[in-house]
Amino acid sequence: MAKDFKIIPANAGAGKTYFLTETLADWLSSKEVRPQKVLAVTYTEAAAAELRERVRARLLSEGMVDETLLLDTAYISTIHGLGQRLLSENAFAFGGSPSPRLIEEAEADFLIRRALASSDAFSEIYADLARYGFSYKPQAGSAEDQFRSLVRKTIDQLRALGTSGQRLGIAAESVLELKDIYGAVEIDGSQIEETLHDAVCRLLDEFPQSLEQSHGSSAAAKKAFRANYDALSRARKCDDLSRNWKLWKELRALRLSVRGNPTPQGYDTLAQAVMVAAEGILRHPGPLADASRLLDIVVMGSQSIIDDYSVAKQKIGAVDYADMVSGAERLLRENPEVLSAVVGEVGCVVIDEFQDTNPVQFAFLWMLAQRAPKTILVGDAKQSIMGFQGADVRLTEALVTQNAEAVERLPKNWRSSSELVRFFNAFSKGLFGEEYHPVVASRSQEDIQFLEILSCPNTRGSRKDKARPYHNVAMRIDAMLSDCTLIVDPKNENLRPAIEEDIAVLCTSHAQMANYANALRALGIAVQMEQAGWHDSPVIQLARHAIAFAADPSDGYAALGWLTLGPTRMDVEIALQQLTEGTLCSSSALEPLRTLSAEASSQTTETFVAKVLNATALMAWCKDQPNCERLVADLLRLHQEAKIFSDLDCELLSAEGFFGKSPSVFLGWLLDRKDQAGANARPSPDSGTGKGVELVTWFSAKGREWPIVFVCQLDEKFAARAGEMKSDFSNFADLSNVLATARLSYFPKLDIKEKTEAFKDHHRPKDEMTARRQLYVAMTRARDRLVLEWPEASIGKTSAGEDRSFVDLFLEEADIEIQMSEMRVGTERFSIGQTIGVKVKPEIFDSPVEAAVETQRRFDASGAALPTPNTPWRQQPSGLEQEFETMKVEVEDFEIAKGVRGLEFESATERGTAAHLALRAFLQEPDIDPQRVSAASKIPLDKVVELQAYASELAAWLKNRGYERIHLELPLQFVASSGAEINAIVDCLAEGPDGYLILDHKTGAVAETGKRFAHYLQQLEAYAKLVGAIFQQKPVTKLAINWVDEGKVSLAAASAEAKTRSISF
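Residue 45 in UniProt numbering sits at position 45 of the sequence shown, and the numbers go up by one each step.
A few of these clues could be false.
Computed spacing ranges between beta-carbons, pair by pair [what the hints assert, rightly or not]:
no.: 1; residue 1: GLU435; residue 2: LYS466; range: 39 to 45 Å
no.: 2; residue 1: SER588; residue 2: GLU50; range: 43 to 49 Å
no.: 3; residue 1: SER664; residue 2: ALA733; range: 56 to 62 Å
no.: 4; residue 1: LYS1034; residue 2: GLY668; range: 38 to 44 Å
no.: 5; residue 1: GLU435; residue 2: SER821; range: 28 to 34 Å
no.: 6; residue 1: GLU812; residue 2: LYS246; range: 30 to 36 Å
no.: 7; residue 1: LEU69; residue 2: ALA532; range: 56 to 62 Å
no.: 8; residue 1: ASP489; residue 2: CYS650; range: 50 to 56 Å
no.: 9; residue 1: LYS959; residue 2: SER214; range: 34 to 40 Å
no.: 10; residue 1: PRO285; residue 2: SER730; range: 49 to 55 Å
no.: 11; residue 1: ALA532; residue 2: ALA253; range: 48 to 54 Å
no.: 12; residue 1: GLU890; residue 2: GLN924; range: 28 to 34 Å
Computed cross-link-like contacts, DSSO-like style, restricted to lysine-lysine with a CA-CA straight-line distance of at most 30 Å [what the hints assert, rightly or not]:
no.: 13; residue 1: LYS717; residue 2: LYS1011
no.: 14; residue 1: LYS1048; residue 2: LYS1034
no.: 15; residue 1: LYS623; residue 2: LYS841
no.: 16; residue 1: LYS412; residue 2: LYS766
no.: 17; residue 1: LYS315; residue 2: LYS153
no.: 18; residue 1: LYS674; residue 2: LYS623
no.: 19; residue 1: LYS760; residue 2: LYS179
No wet-lab data here; the hints were simulated from the structure. Here a beta-carbon is modelled for each residue, glycine too, at the ideal position from N, C-alpha and C.
Modelling step: build the complete structure from the supplied sequences, incorporating the hints.
Here is the structure:
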């Protein structure tokens, strides 16, 4: 063990960075450690740079110039940087290249996908995915996608174990644990199947027909009897009972007599006999055998994929990030002389965020830390929330337990006000018990409210007319800004009114963040958050045009895009005329790009893109635009993508269908990756540089702080979910050899509630501890005011045995009680502000809100918008609406079919998009397989079948009115004489002998279709004018809306103005 060994469990806000800086500087200043013998490991490159700069500043302030210069030779980097350096310096011992190429994520992804595609290790599972619990789900995708996702997760977990992940026995040990959790079963299930089969046959012999028509007195009863009969009929086939475990689940829950809806005499007795026999699934060995077989195949197959992936990397002389750590761990473990040599060069080891190490990272760092002359490990188990990245906090907890004498705690909180710190201490004592050590506040308490409860009376799933939690959060933030709520300025510690950038909204998921963002935008409040749309960013579109033209000076489209959208500001009409005449590409404004064309084939793409960006001065131009920080971040990512492309292996590129490395191929490669996970995410500017209320997840908030913090989604459940695969260890007694005890813990997807609960019970202690840490991290981000979004409608609604929510855990374990202006936490009492949220949603939230993205059609250095007349033609027609009172048209309603309701999606936009896709498919190809439509639209199959019938009736209604031809999802574009463009997509354009009918689809319940029609009248008229201007052979005579939920079509005549077939500006 190190002679001077310290473990520093630093609470939130304890000043660990300051502590590390001062300790390291003290060692250097006192000559205890020489600068070149410093080994410091941080979680991010930014943290490493900050630590180095702080120590450098301290040394310079003491006049230690020589030591400052030598500091550049120190090992101060991330764990991956340290691993790469050790592998390079000891390449001979490791058996690798002294300068291995870091494989890019795109290459790694392709290599693993190729290994998966060529492997036959999973053929048994692919042959019957449903048997192993994989079936299509709207949010998760196809059965194949879900299985591939499980394999990828397993690969990640195994690689996080280093070489131990390739042990032959790890699959068997993992299966053994699964069987232990599942419980005892019979050796043979044939007798259990026979008993159930006999019971089913007796019921069907007595009642050979479904009770749907004879005894289904309600829609629910009909549906239940229909499903029961189908299940019983399938169960009569003996072979289905030996593999279809979902069928057993259905047979355990047959519908019996209820008041007002009895079954025939004798039915209940026979049905109950079936249900009792179906309980045999609890003892049947089949489900356990299938789950065990799946786990065994997935683990062993993933190990073979890892082997294939390693061979592929060796062929191209590359390593990935995981190799940097696992390779360094193996290097030191298998080569004691190398380990001794490395330790001999080290005077101290300093490791930050030690609690977030995964198993192989822990093993690697621990070999160095326990042998160095001086060691400081900084990490707070309460803030270990990175388990989804493979981190295992139990390693740090075991280290603290086994080295209690080395623990030194930082006693103060330097971040938050004194009352907030007292609150943190109180609830943390309840959450963590004796493991929690209170801290003392270094800040005083200003005369401002520090704790607030925002009581939300409705749930997130309330009716559309009800205010949901995010509406109330947005209104509370709006009130704070309007009322000039005071905060302490972090820079000068003076009181001042809060501005948008002082406020953060913390959510548990990205999906919900969008709802909060839209609610804030509806009130005119700017927001900053991670968002998609990098490929569609205006500056990226502009840069693509510039790169394309520089690579090919004859590309007229690229020239048109650059000249009309970019700083040149060429008029669109003039540009189009020059393009037609063939002179546009000779424009003098394109000369800087033309001069680069000769270098397109001789320079790397990275160099060429850099020269294009320099020649166009796009980076400087961005800084004069709105949202400049985000635009600059977009361009920086483009340059990074060019570097990645330049470093890619040519053979791999060819295998993906890209030949060569020219700028044109680069642009195609970029576009091809657009739909890959994360490829379209816009990079976030540096923290604190954006404008607006910041929306982040609880996980992303770690290490951050804000004057005012809203902690939202306390009603979220946190239990483990079926399908999860995580690493586990049999014991932590020998931390130097902990990887040898590793195995994988799998939560199988089962159709047996009792067995699913057994796995939940097994994971519950760990899940609850993770939830406690998440609560701690989220709440301790606040400096001055903490606002808790209080889910009033959810509190006390969790029944025994149900999954708990964060607020359930918080109330019970922290012993919380709220009474008007006071909160009791254990024995401590706190003065709180309490805001009661509204129940009814204000009308301001009904209007669609566009995301605050750059929408300028052209750009210039000043960022000023071009002067344009304020006409509706500067908008998309779909953005035009009309108040009810202005309706001047007669509307006739037609009932055409049974409405299709119950399309459940996260947002109205997603619901509408899915319904549009399904209707388009069935109107275009009536006999298309509904399962294909369901897979594409994410709409459940039963609803897709309803939409198929609906589309058939709609087509017949149009045909009966003389509209023989229909054009679906028709894209329209019109360029006015001024150069302005009008773009629209018409859902359905029906063509008759005398004119057109424009039909727009709308989803969602509508009480008065006639009045609601007026809401969209202006939009429909705009469509009519656009169609009339483009297709002048016939006029638009009718306007219609298809109300899908109501099964109605509202029809009105087009106005005389719409029939003129012209557009004026």
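Do the hints match the structure? See the list:
1. GLU435 with LYS466: 39 to 45 Å: 41 Å, holds
2. SER588 with GLU50: 43 to 49 Å: Holds: the Cβ-Cβ distance is about 47 Å, inside 43 to 49 Å.
3. SER664 with ALA733: 56 to 62 Å: 60 Å, holds
4. LYS1034 with GLY668: 38 to 44 Å: With a Cβ separation near 40 Å, LYS1034 and GLY668 satisfy 38 to 44 Å, so the hint holds.
5. GLU435 with SER821: 28 to 34 Å: For SER821 against GLU435, whose Cβ atoms are near 32 Å apart, the range 28 to 34 Å holds.
6. GLU812 with LYS246: 30 to 36 Å: 35 Å, holds
7. LEU69 with ALA532: 56 to 62 Å: 45 Å, violated
8. ASP489 with CYS650: 50 to 56 Å: 55 Å, holds
9. LYS959 with SER214: 34 to 40 Å: Taking Cβ atoms as reference, LYS959 and SER214 lie about 38 Å apart, which means the hint holds.
10. PRO285 with SER730: 49 to 55 Å: 25 Å, violated
11. ALA532 with ALA253: 48 to 54 Å: 41 Å, violated
12. GLU890 with GLN924: 28 to 34 Å: 31 Å, holds
13. LYS717 with LYS1011: 41 Å, violated
14. LYS1048 with LYS1034: 26 Å, holds
15. LYS623 with LYS841: 39 Å, violated
16. LYS412 with LYS766: Within the cut-off at roughly 29 Å; holds.
17. LYS315 with LYS153: 25 Å, holds
18. LYS674 with LYS623: 26 Å, holds
19. LYS760 with LYS179: 14 Å, holds
Of the numbered hints stated above, those contradicted by the structure are hints 7, 10, 11, 13 and 15, listed in ascending order.
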